[in-house]
Amino acid sequence: MRFFKYFLLALAALTFVTEAQAQRRIEVGAEVWLEPEQTPEEIDMWFRRMADCKMRSARIFLMWNYIEVAPGKYDFTIADYAFEAAKKHGVEIEASLFCTHAPVFYGDQYWYRTQRHTLLWSKEIQQNSAKFIEACVTRYRNHPALGTWWILNEARGFTATSPLAVEFTQDWLRKKYSTIEHLNRAWSTDFKSFEEVKYEERWISDRAFMWVGANYDWCDIQRDFLTYNFRWIGDEIRKHDPRHPVTTNPADFFFSADKYDLAEHRKILDIFGASMHAAWQLCAMNRNQYAYAVSGICEILRAHSRNNHFWVSEMQGGNNIFSGKTPICPDRNDLAQWVWSSIGTGARKVIYWSTNYRRQSGEAGEWGVFGYKGEDTDRSLVTKEMNEVLEKHGDFFAESSPELSNITLILSPETQRMLRHIRSSKVGIREWDIMAQTRTTFMWFEALLEQGCQPQMRYMSDYEWEKRGKGDVVVIANAAAMPLYIIPRIEKFVERGGKVIIEGLTGFYDEKAYFTSLHNFSLERLVGGRFEDIRLRETPQYFDLEGVGCILGHAWHPIVRATAPTATVIGKGNEGNVALHNRLGEGEVWWLTPSVSMSCAARNDSSELAELCHTLLGKEIAEQPFRLASSVDGLLMRVLRNGNEYITILTNNKRTPCSAKIISPKGLQATPIFGTAKFGKSGKVSLGDRETLVLRWQ
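The numbers in the sequence shown follow our numbering, run straight up by one, and end at 698.
Keep in mind that the hints were calculated from the coordinates and are not lab data. Each hint should be verified, as a subset may be incorrect.
[Unchecked claim] Quick list of the computed label-pair ranges, beta carbon to beta carbon:
id: 1; residue 1: I321; residue 2: R430; range: 25 to 33 Å
id: 2; residue 1: V69; residue 2: Y485; range: 16 to 24 Å
id: 3; residue 1: N308; residue 2: G107; range: 39 to 47 Å
id: 4; residue 1: R202; residue 2: R430; range: 20 to 28 Å
[As the list claims (entries may be wrong)] With a straight-line cut-off of 27 Å between C-alpha atoms, the simulated BS3-like cross-links for lysine-lysine are:
id: 5; residue 1: K392; residue 2: K467
id: 6; residue 1: K654; residue 2: K681
id: 7; residue 1: K88; residue 2: K373
id: 8; residue 1: K198; residue 2: K239
id: 9; residue 1: K88; residue 2: K54
id: 10; residue 1: K654; residue 2: K467
id: 11; residue 1: K392; residue 2: K73
No residue lacks a Cβ here, since even glycine has one placed at the ideal position from N, Cα and C.
Build out the structure end to end from the sequences listed, making use of the hints.
See below:
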């Protein structure tokens, strides 16, 4: 009997995964914010206004501290209003289980706040959270409006001294080190037992010469505790509803790439998602790079998600007045640009924050896509226009997928972890901050998109090195911390015919922050040489690169030495050689130590990197079915394919007009389906200030 029960659960789980994969409709929706004192009429109005704009997907919060009004007593009145309004107006509910911030009667750690992006506090809270999850899931699992379950909201932080965090930390360390003596050697400590080990500020101290042992382990513990919370909540949901998909929305990939174990999350989540607010998550880039940032985060989600199924969970839909790191009020051009860039990268859904407005406290009167009483705005009208296009051309979008190149850009969470430690006191070159590796990788992404190339993006440890080789290209920019176990995998990838471009300070350290050039430079066999010296120079450093000409690097002047007979010098500076080309097996490696991408990021100018891409990757770019005749500053092109038909999405990220010529397959004719930009039959297109044009090719 027990076996039969588990068989049925497994079969049901397979059913909901299939449903998640089978989502055919692409759409733009929004959060409907629910809070006490809202009336049924008010909630109904917001769902009606969504339906008026063809917004068929609404996210809501099921807030534990709102719903459990006394121990064991639940009041679902507000949520019931929302589910019934959604059913009435044909809107699907994406229900966020806010199941870690408990009601105030469970502890004073929950006092004075209505909402907090926190994780589970203790075993006792966990047990009561399980009861809350069961109450929510069993109440709505058969409701016709329910679409997905959402694990938490932008979860990542927690109280390090909470009972569950302490227990998890001690268990994690016990599994890694097995004996307290091993831990003490790694940490430079003298604990007597694992039970003594509890979080303290010195683990993240910014004082000079603090050892990395505790710091690095703590980074990994935080990452794994988040994964533990996701897994536990996902399992609790599936106990009571194995049919509906599960998703969530991590935030701030630029600053927190090392905090998300995407390979493990793929085992838990049916749909990947992320928050991408211009005022918070995108401001790591410059204002005219926001669409590249949206598309890049989408590419990370697409590449790591189960069956490439992902959403944009939160996109800024309205104004900031007081909230937001970089306050902004997006207009119709911004929303069109960001939404279409998401869809062009493969997003099956985009959800704004938000439809309506909070009444009080942080974000009160902000973020709404409609007016304060539901009036249309330029933002709601362009959303309706986009949803109408998606509906009209649903035959194409239903089975569409991004047309991608064989070029993959590599992200290094290990580098961000290292920089989080050594840059905590904000010393060193200003641009070489915690986000340096992510930001410079995105500069490569931008430079390729400006030529119409469609690059992929992947965490270094998650790239399928063993399955790839001839015909594949990898770019590794400023991955200063290179895990030693990855390097043999990369070498074999090259030996099978793969092509690698290594730029900047890549490989300067290993994953434990050991400086590898003192003894055996870890990349020496791969690149055919080693670092000899790096000299900081206050003036811009220009270098001559074979086939490219004069390029501008960053503040340092590297000097390299060729040590392999297969390596040749291809770049020189005023003080020595700076670049090598090496052959290894059937493949080849370009080692470019001046950081062109960091120089471009510092100047917000991708032109030199675009020239580098054109020289080193021209063959791969030319092999794509769609590309641009030449690189166009500020232009982004994404390509979707369905059989022998295509959709191209072009956005101008600058406030000045731009023009381009699209190179397309013979025999295809383009029809504009969104936007009013000028388009000629010869493939020429002219775009104005932040303008977007969507073309269907048949």
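Taking the hints in turn, this is what the structure says about them:
1. I321 x R430: 25 to 33 Å: Once the Cβ atoms are compared, 30 Å apart, the range 25 to 33 Å for R430 and I321 holds.
2. V69 x Y485: 16 to 24 Å: Violated, since V69 and Y485 (Cβ atoms, about 52 Å apart) do not stay within the stated range.
3. N308 x G107: 39 to 47 Å: Given about 41 Å between the Cβ atoms, the range holds.
4. R202 x R430: 20 to 28 Å: For R202 and R430 the Cβ distance comes to about 26 Å; the hint holds.
5. K392 x K467: violated (39 Å)
6. K654 x K681: With Cα atoms ~24 Å apart, K654 and K681 stay inside 27 Å; holds.
7. K88 x K373: Holds. K88 to K373 sits at ~20 Å (cutoff 27 Å).
8. K198 x K239: violated (33 Å)
9. K88 x K54: Measuring from Cα to Cα gives roughly 14 Å; hence the hint holds.
10. K654 x K467: violated (39 Å)
11. K392 x K73: violated (46 Å)
Consistency with the previously given hints fails for numbers 2, 5, 8, 10, 11, ordered from lowest to highest.
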